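Undergrad: As they're listed, the protein sequences go chains A and B. Using the numbering used here, read the first sequence as starting at 1 and increasing by one per residue. Using the numbering used here, read the second sequence as starting at 1 and increasing by one per residue.
By construction, these hints were calculated from the structure, which means they are not laboratory data. Owing to the predicted nature of the structure, the values given are computational and were not obtained by experimental measurement. Check before you lean on any hint, since a few could be wrong.
A pair counts as met if it fits within one copy or between any two copies, since identical chains are not told apart.
[Claimed, not checked] Here are the simulated lysine to aspartate or glutamate pairs, DMTMM-like style, with alpha carbons at most 20 Å apart:
id	residue 1	residue 2
1	K212	E228
2	K212	E196
3	K243	E196
4	K127	D76
5	K243	E207
6	K212	D181
The lines below spell out each chain.
There are 2 protein chains.
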Amino acid sequence: MPSAMESDRLRIVLVSTRNPLNIGAAARAMANFGFQRLRLVHPFDTAFREARSAVGASALLATAEEFKTVADAVADCSLIVGATAIGHRQLQHPLQSLKDGAPLILQALSAPASTPNRVAILFGSEKFGLSNEDLCHCHWLMHIPTSEAQPSMNLGQAVAVCLYELARETASAIPSTAPADAPAVEVERVTATLLETLHASEYLSAESPGSKPDSIRRMVRRMHLSSEDASTWLGILRQILWKLRTKN
Amino acid sequence: MPSAMESDRLRIVLVSTRNPLNIGAAARAMANFGFQRLRLVHPFDTAFREARSAVGASALLATAEEFKTVADAVADCSLIVGATAIGHRQLQHPLQSLKDGAPLILQALSAPASTPNRVAILFGSEKFGLSNEDLCHCHWLMHIPTSEAQPSMNLGQAVAVCLYELARETASAIPSTAPADAPAVEVERVTATLLETLHASEYLSAESPGSKPDSIRRMVRRMHLSSEDASTWLGILRQILWKLRTKN
Chain A
1 MPSAMESDRL
11 RIVLVSTRNP
21 LNIGAAARAM
31 ANFGFQRLRL
41 VHPFDTAFRE
51 ARSAVGASAL
61 LATAEEFKTV
71 ADAVADCSLI
81 VGATAIGHRQ
91 LQHPLQSLKD
101 GAPLILQALS
111 APASTPNRVA
121 ILFGSEKFGL
131 SNEDLCHCHW
141 LMHIPTSEAQ
151 PSMNLGQAVA
161 VCLYELARET
171 ASAIPSTAPA
181 DAPAVEVERV
191 TATLLETLHA
201 SEYLSAESPG
211 SKPDSIRRMV
221 RRMHLSSEDA
231 STWLGILRQI
241 LWKLRTKN
Chain B
1 MPSAMESDRL
11 RIVLVSTRNP
21 LNIGAAARAM
31 ANFGFQRLRL
41 VHPFDTAFRE
51 ARSAVGASAL
61 LATAEEFKTV
71 ADAVADCSLI
81 VGATAIGHRQ
91 LQHPLQSLKD
101 GAPLILQALS
111 APASTPNRVA
121 ILFGSEKFGL
131 SNEDLCHCHW
141 LMHIPTSEAQ
151 PSMNLGQAVA
161 VCLYELARET
171 ASAIPSTAPA
181 DAPAVEVERV
191 TATLLETLHA
201 SEYLSAESPG
211 SKPDSIRRMV
221 RRMHLSSEDA
231 STWLGILRQI
241 LWKLRTKN
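Looking at chain A on its own, in the form it has when it is part of the complex (with noise of 0.2 Å):
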């Protein structure tokens, strides 16, 4: 079993569920092995409603809480991992398999507690798992290695395992010495102002395709910003910014 700080740094995101009997699983699995923090970003109709409601529901659900964006659900994860069954997308992120990546997020999970190393692992949705905007926001994928005849997992069973090999490394967890990343809300704040500065130096256009966003938003992510570097990039694009803006 994860320690309690360990636990309590750890949040399972599941997007767009549609299934409340998913919903249910997850929390399930989340309380046999010892995680207690649950998020959903808009559950399909009444799903989160209905798993909530259900009989023998546990107090983990009633503690969930939901959020509109993924944005929003990993604004206080500083390392943001997505399950994903690979096959139909190219992937365009760093890609780990569950046994490999779990020792990297306990890694995170139990750096000193004077550095906010809060981690989220995103789930998809039962049929289209993450979407490509979803993804945007990880730093890297993982994936449970399946049958190529019969990839894609149940979601409660995924959210299961995913944890059962959580638990079982827990043990062997080495703690880290490199500096944490920053929390995802200054990451992303150093993005917009980024894509602000593209565009006012028209490197972006208006008309740029929608994919190179994305691959900015890619880009910055695999720098790995601590919170300090994120803050020293805000003072250089804003800089840049208010320079590019008054010489017009």
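The hints should help you fit chain B onto chain A, whose structure is shown.
TA: Same frame as chain A, now just chain B:
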């Protein structure tokens, strides 16, 4: 994934299952991890029929076999393992964690073809688990380590976690896709162009203390740029520089 021979030798035996959704979930997890042989011992009421006729029910369910007794269901197996959440019953069997038990199961499955090493893993009913009578057929019991506060797992999730662990040991590692850092000459080119931009935008002044450019230089190193990202940054910075200068 297990080899075809290994997976063909494993039987997942669901005893007295009540919920057709759990039968379907067990079948799906088997397909995910490359196992085929599902057996059911007196499934409750119409659970098996319902699971079989469910929309999207797998080929695996169509070939699932039904037995009246546990003895019949495991008759052709030489190793029989019972899955248990322990707890309420005093165990009179050797107990292994899933992590330690899986290698023993794989060892049996990979025995030379001349020895009939078929293995059964038994899962009990959702409400009561395996009965003492069921347990009598088992050589040893296997336990998924769970939280004391909520030890009992959902049946479909327990099957998925067990099969994941069996497949985990034989899964081929996904080659790392993280891009390599760019050669130093490219990183330095980005640094020099960034410094030029910082002067042009007056973020750095001519009289900036010498430590400021050094700290920018270190920050660029911390970004661990790939060649591709270095070239994107170079394009961005050159466009900004050009824009800053033509405005003068």
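Undergrad: Evaluate each hint against the coordinates.
TA: Hint-by-hint comparison with the structure:
no., hint, verdict
1, K212 - E228, "between (27 Å within a copy, 14 Å between copies)"
2, K212 - E196, "within (13 Å within a copy, 25 Å between copies)"
3, K243 - E196, "both (13 Å within a copy, 14 Å between copies)"
4, K127 - D76, "neither (28 Å within a copy, 39 Å between copies)"
5, K243 - E207, "between (24 Å within a copy, 19 Å between copies)"
6, K212 - D181, "neither (24 Å within a copy, 22 Å between copies)"
In the structure shown, a violation is registered for the earlier hints numbered 4 and 6, in ascending order.
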